Every structure is written in C-alpha cells, then in structure tokens.
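Enquirer: Could you build all of it, start to finish, from the sequences and the hints given here?
Chains as they are written, first to last, in the working numbering: chain U, 335 to 453; chain S, 335 to 453.
The set of hints was computed from the structure by calculation and includes no laboratory data.
For clarity, every value in this text was computed on a predicted model and none was experimentally measured.
It is possible that some hints are incorrect.
All copies of an identical chain are treated as equivalent in the list; a pair is satisfied when it fits inside any one copy or across any two copies.
Below 25 Å or equal to it, Euclidean Cα-Cα: the simulated DSS-like pairs (lysine-lysine) are [stated by the list, open to error]:
1) K407 x K439
2) K443 x K407
3) K428 x K397
4) K397 x K407
5) K342 x K428
6) K399 x K389
7) K443 x K428
8) K407 x K428
2 protein chains.
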Amino acid sequence: MNDSQLLKGILEGCVLGIISQGETYGYEIISELEQYGFRDIGEGTLYPILTRLDKNGYIRCRKDKSPLGPIRKYYSITNEGMNRLMEFSSDYRKMKQCTDMILEKAIYKADSDNNERRE
Amino acid sequence: MNDSQLLKGILEGCVLGIISQGETYGYEIISELEQYGFRDIGEGTLYPILTRLDKNGYIRCRKDKSPLGPIRKYYSITNEGMNRLMEFSSDYRKMKQCTDMILEKAIYKADSDNNERRE
DNA sequence: ACAAGGTACTTGGCAATACAAAGTACCTTG
DNA sequence: CAAGGTACTTTGTATTGCCAAGTACCTTGT
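Expert: In structure tokens:
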C-alpha cells in the first residue's frame, strides 16, 4: 500500500475498532495495525488520531505507568465512540460497494480486451 | 456517506476506472459516479481530479463540440493510466483486507457484548 | 428578442488528514 | 554510563475533497 491517500479517514475508523476490543495504548496500537497488515504507520500519524478521537469524546484516556518504559496513556472507547464506530462501518461499507462495482467492471473489461488482443 | 475523508484517494481511482471503460467527459462522469452510488460529487471535486490525471499522463484529452451545450473535453485512458489503475486496484484491495478484518472483529465483539447484556 | 434552465468547464480558498522529522524522556541491560 | 527499546509530543508539509462563485454555450417558451 504505497498510496497514503487511501488511508485518509480509514485509519481513524480502524484505530477506533482496535480500541473497541479493549483498553490499549498508542505504541501497542501501532503494532496491532501492523499485525493487521497496515505497514509503516508512524507515531506522527497515530498520536494525532488519538488526540482527535479523545477531543471528540469517542475515547477516554487514563495515564498509568508502564512495567517497562515511560508512562503510558491507556485509551478505552466510550458510548459515543461505539456509535461513531458503527457509523464509520456503515459509511465504509457503502463506499466499498460503489468502488468495488466500478473496479470489477473496469478490471473485467481490461482482461477481456487483453484476451482479444492475444487471439 | 457523510464522511468525505473516506473518499480521499478513492475517487481518483474510481474516475480512472470509469474512463477506462471508454471515452467520456466530466459532466457525464459525475452522473456515472452517481449511478454507482456516489452522491453529491460536485464539479469542484471532479474537474481538479481530471486535470491531475491528465497532468500525470494517466488520461488524454480531446476537445469537441457537444450536440446540446458548450464544448466538451473528452477523456480517454492511456497505457500509463491502465498501469495506475491496476496499481490502485491492488492497493485498494490490500487496504480493504486490513480494514475488513479489524471491523469484523470489532462489530462481532460489539454484538456479543450486546447479547450478554440482554441475557 | 429575451428570460429561464440545463449543459459544461474553471477558479480560489478552505479544512481535514497522513506523514516525515526531530525532540523529550523513561527504563533496562551490559 | 552508554546503548537501545519504549512511549508520547510537536512542527511543518503535501494531498485532496469540497464549497462557492463565475463564465459561457445551447434550447425552449413567451
């Protein structure tokens, strides 16, 4: 995934989705995202998202010391956050449906054009 | 789809996908997008995309008069554009895979939490 | 002839967001 | 006490969707 523009808006929903599974903190979220396949999400990308989600009341924050490093900020999802997550999921699904339809048609045509040329 | 951020990067790929099906022009692309389910894509959104695609060599432009209005700019896809479309499609698919996984897990958990509370 | 409305493209400015880069600071281990 | 991993912050930049307004062509009705 080279195209960082594709992540606009997506990342926020994914972070909210991860936090919805249980209390967690920034540094861990980055490695979670990596496990799901999102490569190279830097700290300068994630932390502003957390700040924004917090400011909007979608997550809440609790500071606590870490067993092996500096203080962590643990985040958990709020009721408003759950609503936002559902809304995001619905918007995402609609976007996907439209895009998939266009791409399927385009790729199908490209393939058959390609086959015709070979014959 | 209220979340316009979700469209970032997506729209360009979709427009390229539509043009790949055959020569077309701006005003028609907007109604195509609408038919696929993208609502309220304004001219101030689409035309800059076309300019960009053209400048990057992904599409080429030909001016011709319209049977019922002012001059049209007809666009068709180039070889580079086809490559870009395939690349976009691949990036999009990867993004989708990661996002779907996270959302499915989150929604599943939300559902079962919900059911437990009812029991 | 003229107004209205649909067609068609252009331009300028704004807001949101991903990201790179650099910085601060804590802790463990050798 | 140096090195390296953990953890969060800040600043600046580029990209992109979108609103608003403008220009201009053409047909149709009065």
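Enquirer: Run every hint past the structure and note whether it holds.
Expert: Comparing the hints with the structure gives:
Proximity of K407 and K439 under a CA criterion of 25 Å is satisfied inter-copy only: 23 Å between copies versus 46 Å inside one chain copy. Proximity of K443 to K407 under the C-alpha cut-off of 25 Å is restricted to the inter-copy arrangement: shortest distance 23 Å between copies versus 50 Å within a copy. For the homomeric pair K428 and K397, neither the shortest alpha-carbon distance inside one copy (37 Å) nor that between copies (34 Å) is at most 25 Å. For the identical chains of this complex, K397 and K407 are intra-copy neighbours only, at 4 Å inside a copy versus 58 Å across copies, given an alpha-carbon limit of 25 Å.
Taking the closest pair of Cα atoms, K342 and K428 come within 25 Å of each other both inside a single copy (16 Å) and across two copies (15 Å). Taking the shortest Cα distances, K399 and K389 sit within 25 Å of each other inside one copy (22 Å), while across copies they are farther apart (52 Å). When the C-alpha separation of K443 and K428 is checked against a cutoff of 25 Å, the pair qualifies both within a copy, at 23 Å, and between copies, at 21 Å. In this assembly of identical chains, K407 and K428 lie within 25 Å of each other by CA distance neither inside one copy nor across copies; the values are 34 Å within and 30 Å between.
Consistency with the previously given hints fails for numbers 3 and 8, ordered from lowest to highest.
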